[in-house]
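4 protein chains.
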Amino acid sequence: MLEELKQTVYEANMALPANNLVTLTWGNVSQIDRDKGVFAIKPSGVDYNALKPEDIVIVDLDGHVVEGNLNPSSDTPTHAFLYRHWPDIGGIVHTHSKWAVAFAQAGMAVPAAGTTHADTFYGDVPVADKLTKEEVEGAYELNTGKSIARVFDRDHIDPMAIPGVLTNDHGPFTWGENAMAAVHNAIVLDVVSEMAYHTMTLDTATDVHVPQYLLDKHYFRKHGKNAYYGQVQS
Amino acid sequence: MLEELKQTVYEANMALPANNLVTLTWGNVSQIDRDKGVFAIKPSGVDYNALKPEDIVIVDLDGHVVEGNLNPSSDTPTHAFLYRHWPDIGGIVHTHSKWAVAFAQAGMAVPAAGTTHADTFYGDVPVADKLTKEEVEGAYELNTGKSIARVFDRDHIDPMAIPGVLTNDHGPFTWGENAMAAVHNAIVLDVVSEMAYHTMTLDTATDVHVPQYLLDKHYFRKHGKNAYYGQVQS
Amino acid sequence: MLEELKQTVYEANMALPANNLVTLTWGNVSQIDRDKGVFAIKPSGVDYNALKPEDIVIVDLDGHVVEGNLNPSSDTPTHAFLYRHWPDIGGIVHTHSKWAVAFAQAGMAVPAAGTTHADTFYGDVPVADKLTKEEVEGAYELNTGKSIARVFDRDHIDPMAIPGVLTNDHGPFTWGENAMAAVHNAIVLDVVSEMAYHTMTLDTATDVHVPQYLLDKHYFRKHGKNAYYGQVQS
Amino acid sequence: MLEELKQTVYEANMALPANNLVTLTWGNVSQIDRDKGVFAIKPSGVDYNALKPEDIVIVDLDGHVVEGNLNPSSDTPTHAFLYRHWPDIGGIVHTHSKWAVAFAQAGMAVPAAGTTHADTFYGDVPVADKLTKEEVEGAYELNTGKSIARVFDRDHIDPMAIPGVLTNDHGPFTWGENAMAAVHNAIVLDVVSEMAYHTMTLDTATDVHVPQYLLDKHYFRKHGKNAYYGQVQS
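Chains as they are written, first to last, in this note's numbering: chain Y, 1400 to 1633; chain A, 1400 to 1633; chain F, 1400 to 1633; chain U, 1400 to 1633.
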């Protein structure tokens, strides 16, 4: 049974480089078995090319290793906290995907700027508070999880309706009913961040139009009875 | 005959991921058989990797399924309306391609900023009006089609000369004489959106030139009688 | 002998999609045989996937077809003019590569913003004058060639030292001692355009630094005697 | 033994195109054998597709060729100086990777804008001083190395804690305990430059939010009991 969980989590981790969400060894995916009270997670710092299903580490909800020879992801306490805080989530993804990180570094929520966003996230994807010096120097990864929960609790956001967050100065976490659903949400979060960036930075200050006679020339060079582009003349 | 239509529409749908126009299951292509009064369209929410020609759904011009075991695209009423409204179009594509979406989310037409644009689109690619609350809460996909027709009718735009539009806050629709021509126009719309974005955001406020002596050094390190880069010395 | 020229020009044309410089059928490469007074060029509107060496068209310096069953590129008169005007050039490339087009559409030269530029182009890559209505409605492609020559002649630019130009509102032409050298210059022009765009648009208005305690945490989580990321602990 | 060093340096050089850090022949990697007082480096101007392990050149710490039939990289004097100046570094990489070059051309340090940066670089990646006319016209590549050392010495930066720099108007150098570690740092430097660029240019001036009723429509078209997107209805 745990072999199946390891295989599932292995495949979900491998979906990160396949979808261009990771550089080098960055990023990790986990999935929980609520009945057994354990979750499976990527080992820390292992190259995706070298990763094997049997490398996946099984930990309990306090983040202690139950099965596996490798150290679990250093972000394991964040995953464990979120599984404890939100009983409905089944899988978690953390990446440093480029466009979501740009917003995280700016300390900005990803705005619900279009229907692509609305199809997956029912509102802005929030940015967690910056951690204080004490939170960073203390149980950093646990406090990262708490900072995520805090923004959802304070602003009454349903984590199943907005299954993702930006940790401030850091990067995105997403979740879902299982690991692959969380990967799906990580893919969407990065692409809607990219779309929002370009929408936010569009600048209409300059008129960029070609003159009408050039529009005529190029359009009718290719279309209509006087076209002379290509092999088939009309 | 319908098998051939399904095969054609299957291939046109598969051209979307092949040209980097879609993420996940997003996007759909249809083609009409005007004699039979039916069109073929991608099934809703099916992964491109799993899509087969026999999955393509045949619907009539009211959008009712005539043949097929799967639900047609949820955007089927938009396609059906456009086929009814414009008797000359033979194929329709809807995508969430990134650069066109950036303009759609900004509520901006894609300006005819160069000859690349003019080769395909005879003028700005317009943005449809935002739908009202009533239009969204009512027959949303039908009203999306109506919002497209409205901007073309109101502004006297020939849909065969400008075979594409941005639905406001949403994304691009393109069309053509058949499905593959509509895919072609979807490819062009995204790349001219990308080019226009960069033209619109170029900023000459800062002088970025290297000093002349550095220009001299690097150019003549590689060119002319004193070059010393590479294996063949002159 | 002409078979060898066709093969060379075929390979140079195929290098355009291989280097991500073209969309669809856009772009064309030619190479001249000065002794025979002819040049070989891509046929008009042919898909790169379908292009074969025997499709390459041989034309004379007036642009008349000497050998070949297909129409030559619609840009043939531009190539022919440049070969007549500049006796030292041996190959010419025209593309609609995205970053160079962004500058062409803005009517801006690509500034010599760094040594990457200086390694290939001995100064700004100039932008040709906008064509007048008469020039566009007349012998358009010939006049495009003349607009290129005009900026080089007027500003005393050596076309062998700056082997490229932006045609206004349109896109880049590059050249070189042969077709493949011209392709090389097309590759460089697009990448230095991309680099220049980002240099020109960098904005330091906002302080984006992380606090020192977060820098400490993340750096020392991975480095030094207290590191706990990865599998090998020091 | 030197064959092993050549093989290592060959593989590290090939990792540059594999990670999209180079265009054409640009970039070079070296690794030193401190005991023998020699280092291995890429030959100048050789195409990566044609590069073979036996092409790698062995030079001494003055940059004189000890073994090999090809000219070493024209940047060899920069590598040699850095190996002499910093006895702890074992490998050096120089690239013209696009995002790092954008900052180098702007004469800006890459700011420590997030934890992705902090995981590898303990502070801003500095930009070296512009070389003077005399430095450029003299021993240019040696002076490039000196300009790197100068900024680290003057600002008391530990080169092992910040294993990279931007040479002004030029591009990045990175280093590490060996060649592959230096390649790793080159990959990270480019991606954190890309992330920082987007963070620095995010613009919140415009409200890009969709109206609530459109958010409702799209979210609930796909989620919950009234969803009608896809094949499985709840």
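Hint data in this document are derived by calculation from the structure and do not stem from the laboratory.
You may find that some hints are simply not true.
Because identical chains cannot be distinguished in the list, a pair is counted as satisfied if it fits within a single copy or across any two copies.
[What the hints assert, rightly or not] In silico lysine-lysine, BS3-like type, Cα no more than 25 Å apart, as pairs: (1) LYS1435 / LYS1616; (2) LYS1532 / LYS1621; (3) LYS1529 / LYS1451; (4) LYS1529 / LYS1435; (5) LYS1435 / LYS1532; (6) LYS1435 / LYS1497; (7) LYS1435 / LYS1545; (8) LYS1435 / LYS1451; (9) LYS1529 / LYS1497; (10) LYS1451 / LYS1545; (11) LYS1497 / LYS1624; (12) LYS1545 / LYS1624; (13) LYS1624 / LYS1435; (14) LYS1435 / LYS1621; (15) LYS1529 / LYS1545; (16) LYS1545 / LYS1532; (17) LYS1616 / LYS1451; (18) LYS1532 / LYS1451; (19) LYS1451 / LYS1624; (20) LYS1529 / LYS1621.
Hints versus structure:
1. In this assembly of identical chains, LYS1435 and LYS1616 lie within 25 Å of each other by CA distance neither inside one copy nor across copies; the values are 70 Å within and 33 Å between.
2. Taking identical chains as interchangeable, the C-alpha atoms of LYS1532 and LYS1621 lie at most 25 Å apart only when they sit on different chains, with a minimum of 19 Å there against 63 Å within one chain.
3. In this assembly of identical chains, LYS1529 and LYS1451 lie within 25 Å of each other by CA distance neither inside one copy nor across copies; the values are 35 Å within and 48 Å between.
4. Proximity of LYS1529 and LYS1435 under a CA criterion of 25 Å is satisfied in neither setting, with 34 Å inside one chain copy and 50 Å between copies.
5. In this assembly of identical chains, LYS1435 and LYS1532 lie within 25 Å of each other by CA distance neither inside one copy nor across copies; the values are 36 Å within and 47 Å between.
6. Taking identical chains as interchangeable, the C-alpha atoms of LYS1435 and LYS1497 are never at most 25 Å apart, the minima being 35 Å within one chain and 42 Å between chains.
7. Within a single copy, LYS1435 and LYS1545 get their C-alpha atoms as close as 24 Å, which meets the 25 Å cut-off; across copies the closest is 53 Å, which misses it.
8. With identical chains, the CA atoms of LYS1435 and LYS1451 are at most 25 Å apart within one copy only, with a shortest distance of 23 Å there and 39 Å across copies.
9. In this assembly of identical chains, the alpha carbons of LYS1529 and LYS1497 lie at most 25 Å apart only when taken from the same copy (19 Å versus 30 Å across copies).
10. Taking the shortest Cα distances, LYS1451 and LYS1545 never come within 25 Å of each other, neither inside one copy (31 Å) nor across copies (45 Å).
11. With identical chains, the CA atoms of LYS1497 and LYS1624 are never at most 25 Å apart, being 48 Å at best within one copy and 30 Å at best between copies.
12. In this homomeric assembly, LYS1545 and LYS1624 never come within 25 Å of each other (Cα to Cα): the closest approach is 68 Å inside a single copy and 27 Å across copies.
13. For the identical chains of this complex, LYS1624 and LYS1435 are neighbours neither inside a copy (73 Å) nor across copies (30 Å), given an alpha-carbon limit of 25 Å.
14. In this homomeric assembly, LYS1435 and LYS1621 never come within 25 Å of each other (Cα to Cα): the closest approach is 66 Å inside a single copy and 31 Å across copies.
15. In this assembly of identical chains, LYS1529 and LYS1545 lie within 25 Å of each other by CA distance solely inside one copy; the values are 11 Å within and 39 Å between copies.
16. In the homo-oligomer, the alpha carbons of LYS1545 and LYS1532 lie at most 25 Å apart inside one protomer (15 Å), although the nearest pairing across protomers, at 38 Å, exceeds that limit.
17. For a Cα distance limit of 25 Å, the shortest separation of LYS1616 from LYS1451 qualifies neither inside one copy, at 59 Å, nor across copies, at 29 Å.
18. When the C-alpha separation of LYS1532 and LYS1451 is checked against a cutoff of 25 Å, the pair qualifies neither within a copy, at 37 Å, nor between copies, at 51 Å.
19. Taking the shortest alpha-carbon separations for LYS1451 and LYS1624, neither the intra-copy value of 61 Å nor the inter-copy value of 28 Å comes in at or below 25 Å.
20. In this assembly of identical chains, the alpha carbons of LYS1529 and LYS1621 lie at most 25 Å apart only when taken from different copies (21 Å versus 56 Å within one copy).
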